[in-house]
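J.: Chain by chain, the residues:
Protein chains: 2
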Amino acid sequence: MQGTVLYAPRDVRFEQRDDPKIIEPADAIVRLSATCVCGSDLWYYRGISPVTQPSPMGHEYCGIVEEVGSDVGSIRPGQFVIGSFFASDNTCPHCQAGFHSSCQHREPILGAQAEWLRVPLADGTLVATPDRPDDDLIPSLLTLSDVMGTGWFAAVAARVQPGMTVAVVGDGAVGLLGVLSASRMGAARIIAMSRHEPRQKLAREFGATDIVTERGEAGVAAIKDITAGIGADATLECVGTAESMVQALRSTRPGGFVGFVGVPHGVNLDGEKLFSSHVGLLGGPAPVRRFLPELIELVCNGEINPGKVFDLTLPLHEVAEGYRAMDERRAIKSLLHP
Amino acid sequence: MQGTVLYAPRDVRFEQRDDPKIIEPADAIVRLSATCVCGSDLWYYRGISPVTQPSPMGHEYCGIVEEVGSDVGSIRPGQFVIGSFFASDNTCPHCQAGFHSSCQHREPILGAQAEWLRVPLADGTLVATPDRPDDDLIPSLLTLSDVMGTGWFAAVAARVQPGMTVAVVGDGAVGLLGVLSASRMGAARIIAMSRHEPRQKLAREFGATDIVTERGEAGVAAIKDITAGIGADATLECVGTAESMVQALRSTRPGGFVGFVGVPHGVNLDGEKLFSSHVGLLGGPAPVRRFLPELIELVCNGEINPGKVFDLTLPLHEVAEGYRAMDERRAIKSLLHP
Chain A
1 MQGTVLYAPR DVRFEQRDDP KIIEPADAIV RLSATCVCGS DLWYYRGISP VTQPSPMGHE
61 YCGIVEEVGS DVGSIRPGQF VIGSFFASDN TCPHCQAGFH SSCQHREPIL GAQAEWLRVP
121 LADGTLVATP DRPDDDLIPS LLTLSDVMGT GWFAAVAARV QPGMTVAVVG DGAVGLLGVL
181 SASRMGAARI IAMSRHEPRQ KLAREFGATD IVTERGEAGV AAIKDITAGI GADATLECVG
241 TAESMVQALR STRPGGFVGF VGVPHGVNLD GEKLFSSHVG LLGGPAPVRR FLPELIELVC
301 NGEINPGKVF DLTLPLHEVA EGYRAMDERR AIKSLLHP
Chain B
1 MQGTVLYAPR DVRFEQRDDP KIIEPADAIV RLSATCVCGS DLWYYRGISP VTQPSPMGHE
61 YCGIVEEVGS DVGSIRPGQF VIGSFFASDN TCPHCQAGFH SSCQHREPIL GAQAEWLRVP
121 LADGTLVATP DRPDDDLIPS LLTLSDVMGT GWFAAVAARV QPGMTVAVVG DGAVGLLGVL
181 SASRMGAARI IAMSRHEPRQ KLAREFGATD IVTERGEAGV AAIKDITAGI GADATLECVG
241 TAESMVQALR STRPGGFVGF VGVPHGVNLD GEKLFSSHVG LLGGPAPVRR FLPELIELVC
301 NGEINPGKVF DLTLPLHEVA EGYRAMDERR AIKSLLHP
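Which chain is which? The protein sequence lines are A and B, in order.
Position 249 of the first sequence, counted from 1, bears residue number 249 in my numbering, the numbering being contiguous throughout.
Position 281 of the second sequence, counted from 1, bears residue number 281 in my numbering, the numbering being contiguous throughout.
For the record, the hints were derived by calculation from the structure and aren't laboratory data.
Hints are supplied without guarantee of correctness; some may be wrong.
What the hints assert, rightly or not - Cβ pair distances, simulated, as ranges:
hint, chain 1, residue 1, chain 2, residue 2, range
1, B, Lys-224, A, Glu-214, 43 to 53 angstroms
2, A, Gln-104, B, His-317, 57 to 67 angstroms
3, A, Ala-218, B, Pro-130, 43 to 53 angstroms
4, A, Glu-272, B, Arg-204, 28 to 38 angstroms
5, B, Gln-53, A, Glu-272, 14 to 24 angstroms
6, B, Lys-224, A, Pro-162, 30 to 40 angstroms
7, A, Pro-108, B, Thr-52, 49 to 59 angstroms
8, A, Pro-162, B, Gln-53, 42 to 52 angstroms
Claimed, not checked - Listed next, the stretches of chain A that the computed footprint assigns to chain B, with coverage defined by at least 3 CB atoms under 8 angstroms from CB atoms of chain B:
hint, region
9, 92-103
10, 245-256
11, 264-276
Said to hold, decoys possible - Taking lysine to any residue and the SDA-like style, the derived pairs with C-alpha atoms no more than 20 angstroms apart in a straight line are:
hint, chain 1, residue 1, chain 2, residue 2
12, B, Lys-224, A, Pro-93
13, A, Lys-273, B, Asp-270
14, A, Lys-273, B, Asn-268
15, B, Lys-224, A, Cys-92
16, A, Lys-273, B, Thr-241
17, B, Lys-308, B, Glu-205
18, B, Lys-273, A, Ser-49
19, B, Lys-224, B, Gly-163
Think of the CB as a built atom: it goes at the ideal place given N, C-alpha and C, for glycine as much as any other residue.
From just these sequences and the hints, can you work out the full model?
T.: Structure representation (structure tokens):
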């Protein structure tokens, strides 16, 4: 088959790779209906995270089950499935507690920017849709594999409740879907921090009531202004830099929570400041698997349309352009069709 | 009156001071029935936190209202009252959210190791007992002013629920009362980290089911052993050093929370480690005022006896010995009688 391999920063190649095979009896092979480029792929693409060897890329996927191993019971060939970027058994104590991305047997998904994908722990990892979905639902279903589940987790971790004022730091796909999640959870006021007009527009479509373009001190001041000096009840940190984390913490009221889902790069938290702020923190790689059944239902019923974050659709073999467009911020998120 | 002033590290003086007077119309003057030395006073006593000028010491208090200002409505002379170490109005948005120690009008209480105390914002700060309490209840009521409320907040912040396994880092008065709090909240298993036999004994009296004497890697391993490799469901951090915070974070399962109430000294949190751990964090100066009505009831009904943490009782004029005994770990906590 053909698949995507990153050889070095900015060196994305679409090339011949071995067809995936069942290796473990819990595996499934999925023929991908769609895949995409993640904001977290850009850390490697840009050389901020090291690329030490040619790396198969992609961890977001949905498609048709082609084959399953001998231990797979609940997933069957022919089903349309979605899974998380971490395979998980869905039975260990961490999965039972809803933190599937800390599963005791977790395995990262690699190489999903391809035609086929081997998914370990298929029964625990994959969730099937009730029926074979219409093509127009596929972009939204694809987002459930990572970015929508991640935005949703940010809102859950920040304890968003009906009537709250929620701030969202970051206007990438995750931040925008954090806005959608907060809106869906009944937030009364949603402040999107964004400087980019097309992203502001989508944030408003997803439910943002206010846009803050300032950053740093001025950004905090703007949020304090909007909230009568109190701060946001809940804040979603969807970037992962030291600046964005400070922005999130300082924008939140005492007793409020920051849900942080941007993979931290160079983030150090001052214990004394955190203590005196009374702001709570919960984050990490989103346990997307926990939310799949609920979010699949919302998508299939047409209640949410997170697929709107894809503003560039390419054939899979043009994957390198998908990276470039996101790197240059010409695209929010690139969908790839095998 | 006579009161306690810290002039320099280890230089505690009990000396003549001005009698406190009503300054603001919201003030009350309280004749103290008992006061005590706090673990946080030791940071200054030991010179770890700087002493830049002679400082009136003490922030834990209970006693009889002697006089109130013209704006005070709910508190009356003759009542027995307890208040937090921060005065708070109990009406601002932060108080309404239960975070009184971040009150928009908060004022620190200073100089409570004395005969009399001026308490600002008396209506918001002080809570009266239903009746004048018996003398034997006074030590327990005094703990509600800080250490018991702080241990309770640690357990609330760590989201302790019935049936949970809870780890407590720190065997000072706050840690021990964290054990009592977790027990009262229905924790099934409470692991106290302590190397000191008398403190281990009190921890067991308060409900600890397991004692871990190891620290660092070995301490984490011991907690993982006790919890079948999973980690504690909730952890109470009651020290405030970099080591104790790492200990707490690493002892907690993914999705579990650390409630941190030890005032941080030199604590820096690595964002990437926090992210990958899936451990949540909430802490800060305990909003003791939130818990006063509930805890007063528990003490007055004889359901909890947190006053057991006082293992040294001195006349107030011997306050310097109270500091020395705690500094040398001869005493867990020193009660002072004016």
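J.: Please go over all the hints and tell whether each is borne out by the structure.
T.: Okay, the hints, checked on the actual structure:
no. : hint                                         : in the structure
1   : Lys-224(B) to Glu-214(A): 43 to 53 angstroms : holds, 45 angstroms
2   : Gln-104(A) to His-317(B): 57 to 67 angstroms : holds, 59 angstroms
3   : Ala-218(A) to Pro-130(B): 43 to 53 angstroms : holds, 51 angstroms
4   : Glu-272(A) to Arg-204(B): 28 to 38 angstroms : holds, 33 angstroms
5   : Gln-53(B) to Glu-272(A): 14 to 24 angstroms  : holds, 21 angstroms
6   : Lys-224(B) to Pro-162(A): 30 to 40 angstroms : holds, 39 angstroms
7   : Pro-108(A) to Thr-52(B): 49 to 59 angstroms  : holds, 52 angstroms
8   : Pro-162(A) to Gln-53(B): 42 to 52 angstroms  : holds, 50 angstroms
9   : 92-103                                       : holds (count 7)
10  : 245-256                                      : holds (count 4)
11  : 264-276                                      : holds (count 12)
12  : Lys-224(B) to Pro-93(A)                      : holds, 13 angstroms
13  : Lys-273(A) to Asp-270(B)                     : holds, 14 angstroms
14  : Lys-273(A) to Asn-268(B)                     : holds, 10 angstroms
15  : Lys-224(B) to Cys-92(A)                      : holds, 15 angstroms
16  : Lys-273(A) to Thr-241(B)                     : holds, 14 angstroms
17  : Lys-308(B) to Glu-205(B)                     : holds, 10 angstroms
18  : Lys-273(B) to Ser-49(A)                      : holds, 16 angstroms
19  : Lys-224(B) to Gly-163(B)                     : holds, 17 angstroms
Checked against the numbered hints listed earlier, the structure breaks none of them; every hint is satisfied.
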